Amino acid sequence: MNAVIAEKISKMYKKYAHRHKFLTLKSALVNRTLFSELTAAEKFEALSDVSFTIPKGKTVSIIGENGSGKSTLLKLLAGISKPTAGTLETNGRISALIELGAGFHPEISGRENIFINGIILGLSRKRILTLYDEIVRFAELEEFIDKPVKSYSSGMYMRLGFSIAINVDPDILLVDEVLSVGDASFVPKCLDKINEFRRKGKTIIFVSHDLSTVERISDEVIWLKHGRIAMQGHAKRVVDAYLEYVGKKDEVKAEIIHEEQEKAAEEEREKRWGSQEIILQNVKMIDSEGKEKYIYDPGESLTLQFDVESKGADQEDFVFGIGIFNSEGVQCYGTNTYIDRLISKRLCGKGMVKIKMSALNLINGSYYLNVAVHKRDGYPFDYHHFLYTFRVGSAHRDVGIARIPHQWSFSGGIDVESQD
Amino acid sequence: MLKKVVELYRYRELIATLVSRDLKARYRGTILGFFWSFFNPLLLLGVYSVIFGLMLPNRFPGIEGANYSVFLFTGLLPWTWFNSSIIEASNVLFAQGNLIKKIQFPVEVFPIVVVLTNMVNFLLGLPILVLFFLLFGKGLSLWVLFLPLAVLVQLVFTMGLSFLVASLTVHFRDLKDILTNLLTLWFFATPIIYPFNAQVIQENTVVRWVLTLNPMTHIIEAYHYAFYYGSLPHWKKIPVTFAVGLIICYLGYLVFDRLRDTFVEEV
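Protein sequences appear in the order of chains S and U. In terms of my numbering, the first sequence opens at residue 1 and continues consecutively. In terms of my numbering, the second sequence opens at residue 421 and continues consecutively.
Since the hints were derived computationally from the structure, they do not count as laboratory data. All values reported here derive from a predicted model rather than from experimental measurement. It cannot be assumed that every hint is accurate.
Stretch-level coverage of chain S by chain U, calculated; a stretch enters the list once three of its residues show a Cβ under 8 Å from a Cβ in chain U [as the list claims (entries may be wrong)]:
{"no.": "1", "segment": "69-80"}
{"no.": "2", "segment": "100-108"}
{"no.": "3", "segment": "113-121"}
Derived BS3-like pairs (lysine-lysine); straight-line CA-CA distance at most 25 Å [what the hints assert, rightly or not]:
{"no.": "4", "chain 1": "U", "residue 1": "424", "chain 2": "S", "residue 2": "82"}
{"no.": "5", "chain 1": "S", "residue 1": "8", "chain 2": "U", "residue 2": "522"}
{"no.": "6", "chain 1": "S", "residue 1": "14", "chain 2": "U", "residue 2": "522"}
{"no.": "7", "chain 1": "S", "residue 1": "14", "chain 2": "U", "residue 2": "521"}
{"no.": "8", "chain 1": "S", "residue 1": "150", "chain 2": "U", "residue 2": "424"}
{"no.": "9", "chain 1": "S", "residue 1": "82", "chain 2": "U", "residue 2": "444"}
{"no.": "10", "chain 1": "S", "residue 1": "43", "chain 2": "U", "residue 2": "424"}
{"no.": "11", "chain 1": "S", "residue 1": "291", "chain 2": "S", "residue 2": "249"}
{"no.": "12", "chain 1": "S", "residue 1": "350", "chain 2": "S", "residue 2": "271"}
{"no.": "13", "chain 1": "U", "residue 1": "521", "chain 2": "S", "residue 2": "8"}
{"no.": "14", "chain 1": "U", "residue 1": "521", "chain 2": "S", "residue 2": "82"}
{"no.": "15", "chain 1": "S", "residue 1": "248", "chain 2": "S", "residue 2": "200"}
{"no.": "16", "chain 1": "S", "residue 1": "147", "chain 2": "U", "residue 2": "444"}
A short, non-exhaustive set of chain U residues, derived as facing chain S with CB atoms under 8 Å [claimed, not checked]:
{"no.": "17", "residue": "433"}
{"no.": "18", "residue": "439"}
{"no.": "19", "residue": "444"}
{"no.": "20", "residue": "445"}
{"no.": "21", "residue": "500"}
{"no.": "22", "residue": "518"}
{"no.": "23", "residue": "519"}
{"no.": "24", "residue": "522"}
{"no.": "25", "residue": "523"}
{"no.": "26", "residue": "524"}
{"no.": "27", "residue": "657"}
{"no.": "28", "residue": "684"}
Just so it is clear, CB atoms sit at the ideal spot from N, CA and C, and this is done for glycine as well.
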């Protein structure tokens with residue numbers, strides 16, 4: 001038994017011709033174009049050729065970037081709008097957690113609004129009467145229920161809306177990004193309730209940017225890209241593919257940013273100082289395969305490489321150093337040739353320096369680089385401050401500064417299974 | 421069409437809830453609450469009473485002084501129902517845009533709720549009208565029992581126009597501005613501040629025809645007959661107006677239904 005069967009559904013949004021905006025009723029009547037004029041000149045396809053089936057009792061998430069058609073699909077599923085082409089069949093009562101507290105009237109008490117909202121959502125007055133206590137209890141609004149809704153905080157408003165919607169007891173529950181606005185203590189309660197739904201064998205369709213929740217609660221994930229299904233299937237597999245895609249896209253962006261930064265660096269002198277007796281240039285970040293790259297996995301090696309040129313006389317006292325800072329400006333790591341007990345002997349003409357970090361062991365985020373050459377006493381020859389950036393991106397979600405290599409092990413009566 | 425009516429019956433609880441929500445919200449938070457919805461007609465009543473009752477008296481034989489105020493009020497009350505329904509209907513789909521866009525909702529409920537809310541308001545005003553008749557007028561006759569007929573005809577006609585106005589303003593926003601002026605003209609083209617049988621009207625063919633073709637003329641007349649004249653409503657005009665009302669209602673719903681799917685994207 002399938003809860004949802006979508007067959008080649010498309011949704012076309014019309015961009016009406018500009019002149020339409022200025023069309024008056026009179027001219028429409030005179031030219032008899034009242035209806036024909038409403039056919040659009042330009043069309044925008046929000047969804048095209050989307051087919052999928054959702055078996056009853058499954059939890060399916062829809063992911064994708066902004067504007068990929070997620071909300072459109074959800075609106076179609078909720079029956080708010082109709083597909084332009086294709087067929088969409090849903091079996092069972094649907095409740096959509098898209099707009100919480102729809103139809104709430106601010107001047108009226110919470111109690112009366114429960115009835116109004118419930119009836120709008122398709123419940124009978126009798127049914128609401130039996131659910132009433134549970135709704136109020138779940139929303140934790142016992143003391144405020146007779147106060148007008150306009151006096152509620154946004155959290156209270158949302159709790160009441162969620163509580164009513166969830167008590168509609170649907171066969172299919174549509175959940176949009178709504179949970180992101182809840183207060184910290186209420187969100188786990190909502191997730192519990194959603195989990196309870198899963199256990200009861202209800203179908204849940206979940207739209208979210210929160211990939212960790214998606215991965216945790218979904219049986220299946222549908223990934224939408226530009227209104228088409230890019231991939232669908234096992235949650236982890238699709239989420240990973242999606243992450244990789246987003247990462248690659250970011251890589252291209254990061255490369256552009258890097259080029260721009262290099263250009264800007266030329267002009268921005270405050271970020272570079274020193275006597276220029278020795279100069280550093282062509283600072284590059286290279287991965288284990290020798291390719292220039294700006295997004296790294298924490299386990300990956302990064303080689304920093306730069307050209308060195310002594311402009312004046314030969315130098316005997318010189319130290320090369322690097323520093324890695326996170327986006328908050330906290331130094332995550334710093335070292336130089338002196339600290340590493342390398343004693344400078346002579347520098348003349350041109351040369352090249354490489355420092356290989358065999359594993360970055362940093363958590364996800366953006367990082368800035370300092371690269372410098374100076375005397376042992378700190379006298380700067382050439383100091384590049386925050387001129388270079390790279391990113392660490394991975395599926396890991398650990399927190400802190402460093403990603404310390406670690407391994408869990410268990411013994412005795414502890415049974416633990418990997419999600420992967 | 422019959423199927424649609426049956427479907428609407430299913431929404432009766434929803435409609436009733438929304439009507440009572442709107443009424444409650446309207447009266448809550450104001451001290452005089454209920455009185456405010458009659459402020460405008462009472463103001464008009466005062467102004468016209470002074471002008472036509474005191475300053476320009478004896479315009480309409482038999483309708484003078486206090487009698488004129490009572491006559492005026494008989495027409496003003498149902499006109500207010502009609503007028504506010506149309507104005508509110510022109511805005512209701514925008515005002516309720518959130519419900520239309522965010523949840524699955526039977527949109528046709530909105531114009532219905534507007535008309536019914538204003539009807540309840542009108543019915544609540546009737547006791548004031550009756551009080552006027554008992555205090556200042558010549559009392560009431562049994563013909564007042566024809567009141568429900570007048571209300572029914574007006575309900576059907578107003579409903580049809582509200583459907584039309586609600587759906588068309590979504591696409592022709594300028595309609596909202598036109599509407600206010602149009603209704604002012606319509607007000608003067610309806611025998612509210614003057615009686616239909618006034619000599620000037622009956623003698624001028626053009627004016628008489630304009631008034632006769634205006635359905636509101638016969639609806640307001642029906643109230644005049646039931647309350648003021650205390651006689652049988654016009655036996656031919658009322659059924660014809662009712663038929664016209666039904667046709668308008670049907671056409672209004674047809675247009676509304678035809679444009680229904682565009683509301684989600686346009687409001």
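Okay, the hints, checked on the actual structure:
no. : hint            : result
1   : 69-80           : holds (count 4)
2   : 100-108         : holds (count 5)
3   : 113-121         : holds (count 5)
4   : 424/U <-> 82/S  : holds (19 Å)
5   : 8/S <-> 522/U   : holds (24 Å)
6   : 14/S <-> 522/U  : holds (19 Å)
7   : 14/S <-> 521/U  : holds (16 Å)
8   : 150/S <-> 424/U : violated (36 Å)
9   : 82/S <-> 444/U  : violated (34 Å)
10  : 43/S <-> 424/U  : violated (32 Å)
11  : 291/S <-> 249/S : holds (17 Å)
12  : 350/S <-> 271/S : holds (23 Å)
13  : 521/U <-> 8/S   : holds (23 Å)
14  : 521/U <-> 82/S  : holds (12 Å)
15  : 248/S <-> 200/S : violated (39 Å)
16  : 147/S <-> 444/U : holds (14 Å)
17  : 433             : holds (6 Å)
18  : 439             : violated (11 Å)
19  : 444             : holds (6 Å)
20  : 445             : holds (5 Å)
21  : 500             : violated (22 Å)
22  : 518             : holds (7 Å)
23  : 519             : holds (6 Å)
24  : 522             : holds (3 Å)
25  : 523             : holds (5 Å)
26  : 524             : holds (4 Å)
27  : 657             : violated (28 Å)
28  : 684             : holds (5 Å)
When the structure is compared with the earlier hints, violations turn up for hints 8, 9, 10, 15, 18, 21 and 27 and for no others.
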